[in-house]
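If you use mature numbering (1 follows the signal peptide of the UniProt record, and there is no 0), the sequence shown corresponds to residues -25 to -1, 1 to 812, in order.
Hints listed in this document are in silico derivations from the structure and should not be mistaken for laboratory results. One or more hints might be untrue.
[Unchecked claim] Below are the DSSO-like pairs computed for lysine-lysine, each with C-alpha atoms no more than 30 Å apart in a straight line: (1) 402 to 716; (2) 412 to 780; (3) 433 to 412; (4) 391 to 407.
All figures in this text were calculated on a predicted structure; none of them were measured in a lab.
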Amino acid sequence: MPASSSKGLRCIAWIPCAIAHGVLAAAGSGQIRSKSFAATSVRVHARTVVAAFRRGRHQGVFNARQKDEGSSPQKKQPVHQDGSRTARADDEPEKKRQDNAQAWYDIKAAKELSSTLNEVQQNAMMAPLRPILVSAGPGSGKTRLLIHRIALMIASEIDPASILAVTFTNKAANEMKSRLVNALQPWETTAGPRLTIGTFHSFCLRILRRYGTRVGIGNNFDIVDTEDAKSIIKEITARPGIRERIAARDPKDYLQLISKHKAEMIDMLSQDWSDPSAKLVLEAYEKELRLQNKCDFDDLLMFTKRLLKNDVFAREDLSKQYAHILVDEWQDTNSIQYEIIVLLCGSTKSQVRAKSIFVVSDIDQSIYAFRGAMPENVMRFSETDFRGCDVYKLVKNYRSTATIVTASKLLISENKNELRGDFESLKGNGNKVRVGKFPSDYAEASFLCEEAIRLHAKGIPWSEMAVIYRTNIQSRVFEQEMLSSGIPHHVVGGFRFYSRKEVRDVLAYLKVMVNREDRTAFYRVVNVPPRGVGPVAVKKLQELSLELDRSPLSVIDLLATNDPALDRAFTRNAARGLLEFKCIIDESVDFAFKNELGPTLSFLVDKSGYSQFTANQDASAKSDQKQSGEGMKMDVVGEFISAAGAFNSSAVALGTHVLGSRPGRGAEDRATDSVDSEQGSIKAASVIERGSEDEPIVGNATSLETSLSPLAGFIEECTLLDVDAEAFRDGITLTTAHRSKGLEFDVVFVTGCTDSHFPMLFGLEPREEEEKVEDERRLLYVAMTRTRERLYMFYFESHFRFGRKIPCLQSRFLQFLMQAPKSRDLFAPGPGFRSRL
């Protein structure tokens, strides 16, 4: 028999087995939607499979017959800008393999979806169902590509239930779902509830609801959110036997320790802790979660990895169910997230390297190292676990002008990144980057507001402007200046400066100093920092205050007289704490008689122990908070003291409340505000002087009006600033560089470009500092690439902390940009600026 005939017979004889194996395997993996349908349709599918075989569209059915990809060592292959890759000498016939694999999609659907994509995006969208890595720069359309890839799968009749798409935020997941619905409209189909799109945590929750009993936690556990977790920690640290053995520490600090160890899969209870109190609390926390049948967010990841690693049945079942995996922001994955995805891809190296997995990344935008993100996971994907993957580079920038793209590329080129493409803008050159130098941070904020008003008058909406800074505490001067100028604005994430816990705590102390009847403020801080006045003592004090019709402070005065009835009401520890609090208030009021606001606040936070309290809280999480941009708690206190000093200087210079002018109001209204503020201050002072009938007089009315009216005015000012900010639900966006990722605006002001903010380096070893500088350069790069049309980069020569003027130098990053050969084409110096101070 001729060889060709023999080959043909062997092929025909093999088809029935292939049909049965392929159809049932497809049903098991979710590509065919009903197993019963598959079982009764082998005969019907025979004709379909033969026809598909003749057309070369046999990827789904014949996949089991293909040789495993990557089973032998492979050399690293070059990647071209157009997304193609060069065939390796030691490959199987590469072209034949790719030709066989690329016919998985519906050609008509691919043509329809390609209409809004460039050539590289089209190639990536239609890439084989195997490991794919997309390196995408800012504004390059990576989200559109990801959505079109999923849409093409569904339009090509791949079951949505076999698709898993993972993002890092609920907002991103919801946006992806919404855009996917629009992309699928031409086919009058939707992904429906079968498609899984969500965050790592939501996906892991789904898995544990199904398999939780296999890792010992059941499947009906409750989720503990961050606030609930803090409450549990707070309750544990107040328990007898524990509170005496631990130092004062914010519950958030313990949660950061827990998260770090769970992410690294470290056994917290067997570790040799340098701080025994930490182990004590963490051990109790874990025990409490198990007793209450609860899991925190880190447990979701930890138990999922444990399940996939140790339970072969669950791993293979889930790997078959999720035949196609897509992950956005791959550079932000941490160790445990990376390993969860690899485990989902299969049990063997050959299975992993043949998986249909599509990840999108940009190492240059990896800015979450403080959360455990590992940018090295990108290279680990392409060089280790998925070696031999296809790599596509998206280099066309649809967002920013050529000037901005060139300037940002110049900055980030100092960081090593083998996957970085040669970015190009599809827009014109646009405006040069405006660089401004200011005497102080107040002058910076003042000019920024003037420039924003000018741009708004030219037709740019407030919502298309953003102010980006390194840490949250920097928002204070901008909030203050914008409120005074009547500019609508909102702060992204977290609290506004005047809503920060540290600010409200110190403000409560000041309110008690000015008004001894302010019970709300009193109860907020009577045991802050902890001084032995627990919930039982507070409740008893409230009862006595109502029974005797006295303020809490006047009840403490009676306690100081050794009244037997009161002595029995409180424990010795609680009584000592109450008397200590009253002493702090009295001495701080005496100090305020003779000193200005800034020194008064400094005295208060030292005398009360609040400065040491916040310093202790900062100590255990210093690195994490500094890197995240959240700002240290003590820095927030220092900034508040600086605000008091600035308020005092302005009031003395102008004889009125400079910060007290309300947004959008005229000079007449502001004059009325000043009169009202003064009357309010006098009224507050008279309350202190009058006191209760049997209460000792603190000072006299004249000295109180003279010494405490600035303090009362400052309190009022802070309250007005916070209330006024509530009215602005739209307007200019104020955000840290970390929180700006994923946002874009027509106009961006990158502020505080000093060498103490960009980069922010504190107490690092030389080796650590070198690595941190690269992190900080990426952070500034992210900030610069948020803008479409106009970019401003500002720095100041000094700012105030704890009432002291601190000199600042220009950021080394900005200095590098200004000294580069192309700088004259990219940057324009700002006009002369005048200082407000």
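Satisfaction of hint between residue 716 and residue 402, Cα-Cα up to 30 Å: holds (21 Å)
Distance restraint between residue 412 and residue 780, which requires alpha-carbon spacing of 30 Å or less: Distance ~17 Å between residue 412 and residue 780 Cα, so the pair holds.
Given hint residue 412 paired with residue 433 - CA-CA distance at most 30 Å: holds (24 Å)
Hinted pair residue 391 and residue 407, Cα distance within 30 Å: holds (26 Å)
This entry satisfies every hint, going by the numbered hints stated previously.
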